[in-house]
Amino acid sequence: MSLSIRNQLPGTVLSIARGEAMATVRARLSGGGQITAAVTLEAVRELGLAEGSEIRALVKSTEVALATGQVSGLSIRNQLPGTVSSVTTGEAMATVKVSLESGDLTAAVTKDAVDELGLTSGTRVTALIKSTEIALATA
Amino acid sequence: MSLSIRNQLPGTVLSIARGEAMATVRARLSGGGQITAAVTLEAVRELGLAEGSEIRALVKSTEVALATGQVSGLSIRNQLPGTVSSVTTGEAMATVKVSLESGDLTAAVTKDAVDELGLTSGTRVTALIKSTEIALATA
Amino acid sequence: MSLSIRNQLPGTVLSIARGEAMATVRARLSGGGQITAAVTLEAVRELGLAEGSEIRALVKSTEVALATGQVSGLSIRNQLPGTVSSVTTGEAMATVKVSLESGDLTAAVTKDAVDELGLTSGTRVTALIKSTEIALATA
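Line order of the protein sequences matches chains A, B and C. With full-length UniProt numbering, the residue at position 125 of the first sequence is 125, and numbering never jumps. With full-length UniProt numbering, the residue at position 19 of the second sequence is 19, and numbering never jumps. With full-length UniProt numbering, the residue at position 91 of the third sequence is 91, and numbering never jumps.
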């Protein structure tokens with residue numbers, strides 16, 4: 001299958017916390033770093049996810065936020081450091097490509113955010129992704 | 001009320017799995033197919049949702065991803081097959097209209113995704129929506 | 001740190017409902033009104049959130065939907081009334097700035113939504129934000 005989801009980071013499941021309705025899945029990314037995904041318990045069951053499962057973490061570009069400077073005190077579990085490689089700006093929205101240790105990431109943010117943060121090729125950023133915004137695919 | 005949320009699919013609640021904080025609600029869509037929504041337990045209580053409740057599944061366009069080809073091994077619970085009816089492309093973003101069995105859907109994806117997947121009127125796609133991205137309205 | 005996340009509303013934690021994997025955090029906004037955020041239990045622990053904690057509710061613009069007219073029967077927990085202050089329209093997407101009691105909010109919605117709802121400076125709207133789309137930062 002080909003997905004419109006720009007961001008697909010390969011990794012391995014480290015642990016799973018199961019609730020009644022939801023589960024959080026922690027994975028080590030192949031390129032370095034860890035991610036946490038909050039998915040339905042049903043998805044964990046149907047994909048047969050367990051410690052050691054090979055997965056890809058899928059994140060829509062619209063779900064990626066960017067921070068410049070030191071990040072602290074954020075509930076957002078997934079904080080991936082990288083460098084802006086390019087910025088494409090429209091009238092209302094912009095797409096920002098970020099090089100991570102674990103691969104490339106595209107963030108769709110408002111044009112205002114690009115302007116105010118002064119994002120341009122070479123800017124050091126942290127990509128922020130809420131756990132609820134990460135989907136998982138088995139490899 | 002009028003909503004900016006483009007995607008509103010009518011259906012009927014089949015079952016509800018209640019956790020301490022969250023609940024997953026499974027519904028049959030009037031046009032065919034099923035969806036799963038992860039909402040707060042409080043929302044289930046306040047809307048009085050139960051088996052048989054008539055609902056509309058609400059999904060912001062920015063939350064819809066698209067896949068071409070066979071979809072498998074995905075944690076994304078909601079996979080609705082359809083056909084692209086039109087594509088509007090901006091500099092950074094694009095909106096893709098998809099005809100589903102259960103109605104029409106708009107997806108806001110990056111222009112890059114449209115280009116790389118070759119999305120155009122007539123392309124067969126599967127619309128993908130994470131359960132956490134579906135809100136519910138009582139009919 | 002500087003965040004691409006446009007929407008940062010200060011508030012105080014009122015209560016926390018803990019599940020096994022997820023938690024819902026209810027907060028009173030400094031400017032008036034309340035919000036509910038669904039975050040991972042781990043985030044609640046690591047941020048040391050408790051009743052009385054000072055927080056900022058963070059919401060990406062792409063996660064904000066808008067409604068005109070009376071809102072009812074919606075699972076979306078967060079409904080903040082306001083007035084449109086400006087609209088910037090691209091080919092596919094638009095950004096809408098809304099003045100709330102508790103501050104300013106930017107919503108990234110489709111151009112179609114702006115046209116169909118007739119959104120323009122002065123339009124009374126309700127900003128709608130699903131609990132799963134709100135992240136929290138400690139102040």
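Hints listed in this document are in silico derivations from the structure and should not be mistaken for laboratory results. All C-beta atoms in this analysis are idealised placements derived from N, C-alpha and C, irrespective of residue type, glycine included. Hints may contain errors.
Below, simulated DSS-like cross-link-like pairs (lysine-lysine); rule was C-alpha separation at most 30 Å, straight line [claimed, not checked]:
(1) C:Lys97 to B:Lys97
(2) B:Lys97 to A:Lys97
(3) C:Lys97 to A:Lys97
These stretches of chain C come out as covered by chain B in the derived footprint (C-beta under 8 Å, 3 or more residues) [stated by the list, open to error]:
(4) 3-15
(5) 58-70
(6) 101-109
For each hint, the structure was consulted:
| no. | hint | verdict |
| --- | --- | --- |
| 1 | C:Lys97 to B:Lys97 | 25 Å, holds |
| 2 | B:Lys97 to A:Lys97 | 25 Å, holds |
| 3 | C:Lys97 to A:Lys97 | 25 Å, holds |
| 4 | 3-15 | violated (count 0) |
| 5 | 58-70 | holds (count 8) |
| 6 | 101-109 | holds (count 3) |
Of the numbered hints listed earlier, the single one contradicted by the structure is hint 4.
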